[in-house]
Each structure stands twice: as structure tokens, then as C-alpha cells.
Amino acid sequence: MATLQLNNIVKDFGGTQVIKGVDLEVKDREFVVFVGPSGCGKSTLMRMIAGLESTTSGEIAIDGERINEVGPADRGLAMVFQSYALYPHMSVEDNMGFSLRLAKVPKAERREKVLSAARILQLEPLLDRKPRALSGGQRQRVAIGRAIVRNPSIFLFDEPLSNLDAALRVQMRIELARLHEELDATMIYVTHDQIEAMTMADKIVVLQDGLVEQIGSPMALYHHPCNRFVAGFIGSPKMNFLDVEVREASSEGINVALPGGDCRVPVDGRGVSAGDTLTLGIRPEHLKLDDEGPLTGKIVVIERLGGVTSLYLEHGDSEWILVADGDVAHRVHDQVRFSFDPTCGHLFKGDGEALDHLHRHPLVDIDRKQNRVSSAPGDQ
Amino acid sequence: MNPTMTKKLLLTLLAWGIALIVFFPIFWMILTGFKTEGEAVATPPSLFFEPTLAGYHTVMARADYLKFALNSIVISFGSTLLALIVAIPAAYSMAFLPTKRTQGTLLWMLSTKMLPPVGVLMPVYLLFRDMGLLDSQLGLTIVYMLMNLPIVVWMLYTFFKDIPKDILEAGRMDGAGTVQEVLYLLLPLTLPGIASTGLLSVILSWNEAFWSLNLTTSDAAPLTAFIASFSSPEGLFWAKLSAASTLAIAPILIFGWMTQKQMVRGLTFGAVK
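Sequence lines, in order, name chains L and H. Every letter in the first sequence is one number past the one before it in UniProt numbering, and letter 248, counting from 1, is 248. Every letter in the second sequence is one number past the one before it in UniProt numbering, and letter 183, counting from 1, is 183.
Just to be clear, a hint being listed does not mean it is correct.
[To be verified] The following residues of chain H were derived to be distant from chain L, with all beta-carbon distances above 10 Å:
id: 1; residue: L81
id: 2; residue: Y125
id: 3; residue: Q180
id: 4; residue: Y184
id: 5; residue: L199
id: 6; residue: L204
[Stated by the list, open to error] Listed next, the in silico SDA-like pairs over lysine to any residue satisfying Cα-Cα at most 25 Å (straight line):
id: 7; chain 1: L; residue 1: K130; chain 2: H; residue 2: D166
id: 8; chain 1: H; residue 1: K165; chain 2: L; residue 2: P88
id: 9; chain 1: L; residue 1: K238; chain 2: L; residue 2: L164
id: 10; chain 1: L; residue 1: K107; chain 2: H; residue 2: P25
id: 11; chain 1: H; residue 1: K165; chain 2: L; residue 2: K238
[What the hints assert, rightly or not] Only part of the chain H face toward chain L is listed, based on derived beta-carbon distances under 8 Å:
id: 12; residue: V41
id: 13; residue: K161
id: 14; residue: P164
id: 15; residue: D166
id: 16; residue: E169
id: 17; residue: A170
id: 18; residue: D174
id: 19; residue: G175
id: 20; residue: A176
id: 21; residue: L183
id: 22; residue: L185
id: 23; residue: P188
id: 24; residue: L189
These aren't lab readings, by the way, just hints derived from the structure by calculation. Quick caveat, the model's predicted, so the values are computed rather than measured. By construction, the Cβ of each residue, glycine as well, lies at the ideal position given by its N, Cα and C atoms.
Only chain L is shown next, with the shape it has when bound in the complex (with noise of 0.2 Å):
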């Protein structure tokens, strides 16, 4: 059981602000992904809270309890570091044993506990080889085991997979998830990766120099993005933006001028008026090519992935990025036509915040754990 609160923290850093009042709350057993782009704070906020990096202002409480002036031991964290920061003259048993060895815990208790963290990882086998010995994998589940070990109320992860290759990532995303069923426990994870952060998040937070832009669960980030930086943040490849002229706005829905003809976006119109500039945003993926489409574009360069490909388009000044399917016979230079759905279009105002739109995509709310197969449904 761990609830954590920030109340409006602040981190000065001899007079450059890096936090700039942060407020978040994570529920019991949540999993929470602080993303961002790189200096945006989301590392210095998880210090904070583990205790490496004292608090300039603001409160940081674990199940309603200030914690500013407790140690790093003493706060019931346990963190996983972007560099393992494993013990390198220890054995894979006396690194996950370490802190059970700095409490005194007699020896016997303190190797089953080893040990069993160690079978949840499968590291039996490794329990006496030193961490040079370790391939990146192993030395990373011996890290999390580590903290494992210490059974501590909320786990952090800062990167933790960010020196792994692309296919041991995969893997180690799918251990992290399930392991996060197993131990049931709080977790908060930093990634500068959105896609790390899309498929493990209940709760994702995305940070930009010190400020929160948004909190909201994957789904609701990817359809409801607050303003355009989210919406350019979250997804991949990026959403496209495109400057369009207001025609015609109301509380039903606003139309917009577009190359091929006028189109109406389903947001929230009140306070725009005819003739303002907006900014459309449509993700790559709800561009479709068609040959009676209203939008036209060269293409310049042609990703093909095999199940998908995607089409880097000119046109005039503006450029497009159009996900296609896996088997479109175009070439470089092509001339395409497409068009997209207006329903799923986005519309920013001039300082970057986002229209709200007028239905709720069906699938923001839903939890993540019904994504997967419960490895014991309803034993807790």
C-alpha cells in the first residue's frame, strides 16, 4: 500500500529553476511514466523524490506523510538506476543482499530473501558470478532485483532500459509490465521514450522544462492531447500540424479552410471567430491515401517497414507524414492524393492549447490491466 502526493514542488538549482511546481498524485499500485524530451526535469523529479536531490519548496508526502526531511534509505523507495549502478566487487547475492546486510538482517533470512526475489527473476544460477561477469540483461534484473529485495512501497525506475538493445528493450518492457502484475506494488518510471511510456503506463505524466503539460492515462494522451506539444510528443512517427483559417466556428464543431475544400473538426468553437488562424493537427496514421482525396503531395523519401510504410510528403512549404499500408506501390516523387477523417483531427489555438473535442474517445478510460491476461484474476 503506497499513495504518493506532490504538492506544488520546486527544485532550485543555484538560481536556475528545474522544477517549477509540480503537483501529482499516484494511486496505490499505479504505474506512473514521467516522459519528456531530454532536460525537461523528469530525472531531477524522480530524485526528488527518492531523496538524492533535496526539495526546494513544495511538499512530497507517501500515503500522506511529508517525507522532505527523510533520508533516501528511510523513505521505502527502492530505484533502479539508468546504469544498473550495480556493486562491482560483489557477488549477484551480496549486491541484492546489500541493504538487507546494512539492516543487520541475519544471514539466513537474508539469503531467502535473496533467493526468492532471485526466482522471480530467474537468477538463481547467477547468484555468485560478480556483475562483469553479466550480460546488459541480466546486470538489469539483477538491479531490479536489488530492489526487489528491499520490498519497498514504491519502485522507481529511472531509464532503466535505455542501455539495452532494441530487441532485449521489448522484452524487458513485457518483464517490467508483468512484473508489475506479480509484485502489485506502486511504480514510477522514467523514460524519455513514448513508447515506453504508451504501452507500460496506467498514468502518464509529460513534463517540458520543469511544468507538467499533461497527466492522463495512454489513450487519453494520444487522442485527447491537451496542447501541441503532447500531441506532438505522444505518438510516432509525430502528427502532423498544418496553419488553416477559421471559416466558420460554434460550439458544435469548427470549420476550417483547407487546400481541397473546406472541413469541419468536432471540437469546441466558442471564443473563435471566422478568420482566425488555428493550427490542425492530424496523427500520421489517419492520413489514408485516396485518389479523390482533397490534399495532394510529392513524396520524398518512402519508409517501408513492411506491415506499414510510411510516406514523407511535400507540398508547397508544408510537409506531411502519411502511414500507409505495408504493400503501397508508390515511389519517390509520386504525386499522392489523401485525406483524412475530420472527426479525428486536432485543433491548437495560437499559444499551443488545444480545442476540446466534443465526443470522448471510447477507449481513454479504460484500464490498462484489461490489456493484458491477468495472471490471477480477482485473488486480491
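Once you have looked at the hints, place chain H on chain L.
Using the frame of chain L, we list chain H on its own:
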């Protein structure tokens, strides 16, 4: 022969050349120690001669070698131990909790090595006289500790800096206080570096002559004073002096020989990654 082989051969020859040049005076000194006084000053010098232990006999008869050697051992190892005890916390704070002034402090510490020791001889001498530290092992131990401290702190600082901060932070998350962090993580991880730092400090203390000659007379006099006592006013006796010098450097030479692997490893620690 291909070019890389030629290059390797030339480098090997160069290394041997330098090593021989550096070693030659020591070799000559050892050789001279086994000559008679006459042979020792002969020109041209004789390379082949009948070795004699006469020089050693005189030296051993005239002075208590073991007492000097014991003083050298106590003082150089004692000062090294003391320097490490003081320098480890200092280097820790500079490496892991640096402030704006850390770099300046390090440079300032090193700059004290550029001061000619004779410049502070008078105050140190007077202080030692008033505190009763003249001609005592403790006095010389303190002076050597202070003398080597800048180098010891610098070396430990560079070794500590090579330790990833993450490892110590992981230790802190695991519940280690500063003392446990140093004892269980930092010291084991930097042991090769600490060992080579210690060895260097021992050797520097062993070879130091200025302070030992000025602050000791008999009771605490180390081997440097032992050698000096053979440069007598009635002229130099090269064979006896060489014999005395050989005796003085023998322990540290053997010590250095045994620990050379450790020393090289420590001194190149962090240089090759």
C-alpha cells in the same frame, strides 16, 4: 619486417635505453660499494675488480644501521597511514560534494609543494623545539604527513572521481550512511588506487632528506641521516659512502620491486578505459 614491427622494436629499444640510463647511477653505486677506496676513485674506473666487503664492515661498525632503518620504516609508514586517514575524507568531500572552490582548493594545495621547504624551516624548527618534537619519530611523521598530503589528496581525488556517482547513490538508497558508503563501497572499489598512493607516499617519505637532516640528530634519525653521516669533513670516502647508500636504499628497492605491479596499475588507473 613490416612497419608496425619496426616501430615496436624501436620503442622497445628506446624504453630499454631510458631504463638503463636511469638505472646506471644506482648500478654504479652498488658496484662502488664493493670496491676498495683506491679503486673507487681510480680513473679510468675499473669495471672488473675483486669485490670486497670492507666498505660494509666499516659502515656497520661505525653506525647502528638497524636503528636508522627502523626509524625510516616507522616514520615513512606511519606518515603514510596518517596521510591516508586525513586525505580519504578530504578527497571524498571534494570528489562527491564539490563546491565552487573545490578546484581552487586542490590547486592551492598543490601550490604548497612549489614552496621551497627551507622557507618554512625556521618556523617549523621553532615550533618543534617548543613542542619538544625535535629528534622524535612523531615529529618527523607529522612533517612527512603534511609534506605528502597534497599529493595523496590529489591522487585519491582522481581515483574517487572515477567511481560512478550512481553506485554510491544506490548504496544510499540501500541504507548506507556516509561511513558505510566509504567502508563498503568506496574503499573496496578504489583499493588499487589507494595502494599505489600509499606506496608512493612511503617512497617519498623514505627518500626525504631535508627535513630529516634538520629536525633529527640521533634518536629519530632515518636512513637519509645515516648516509649523510658518511660525508665527513676529512673528505669523501666513495666506497664507504656507496656501501652506506646501498644499505639505505635496499629496503625500499626491494619493497618497490615487490609492489611494482600494484604501483603501475594504480598510477595508470583511470588513464586507460
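Hints, verified against the model:
| no. | hint | verdict |
| --- | --- | --- |
| 1 | L81 | holds, 23 Å |
| 2 | Y125 | holds, 46 Å |
| 3 | Q180 | violated, 6 Å |
| 4 | Y184 | violated, 8 Å |
| 5 | L199 | holds, 21 Å |
| 6 | L204 | holds, 29 Å |
| 7 | L/K130 - H/D166 | holds, 18 Å |
| 8 | H/K165 - L/P88 | holds, 13 Å |
| 9 | L/K238 - L/L164 | holds, 24 Å |
| 10 | L/K107 - H/P25 | violated, 58 Å |
| 11 | H/K165 - L/K238 | violated, 36 Å |
| 12 | V41 | violated, 57 Å |
| 13 | K161 | violated, 16 Å |
| 14 | P164 | holds, 6 Å |
| 15 | D166 | holds, 4 Å |
| 16 | E169 | holds, 5 Å |
| 17 | A170 | holds, 4 Å |
| 18 | D174 | holds, 4 Å |
| 19 | G175 | holds, 4 Å |
| 20 | A176 | holds, 6 Å |
| 21 | L183 | violated, 11 Å |
| 22 | L185 | holds, 6 Å |
| 23 | P188 | holds, 5 Å |
| 24 | L189 | holds, 6 Å |
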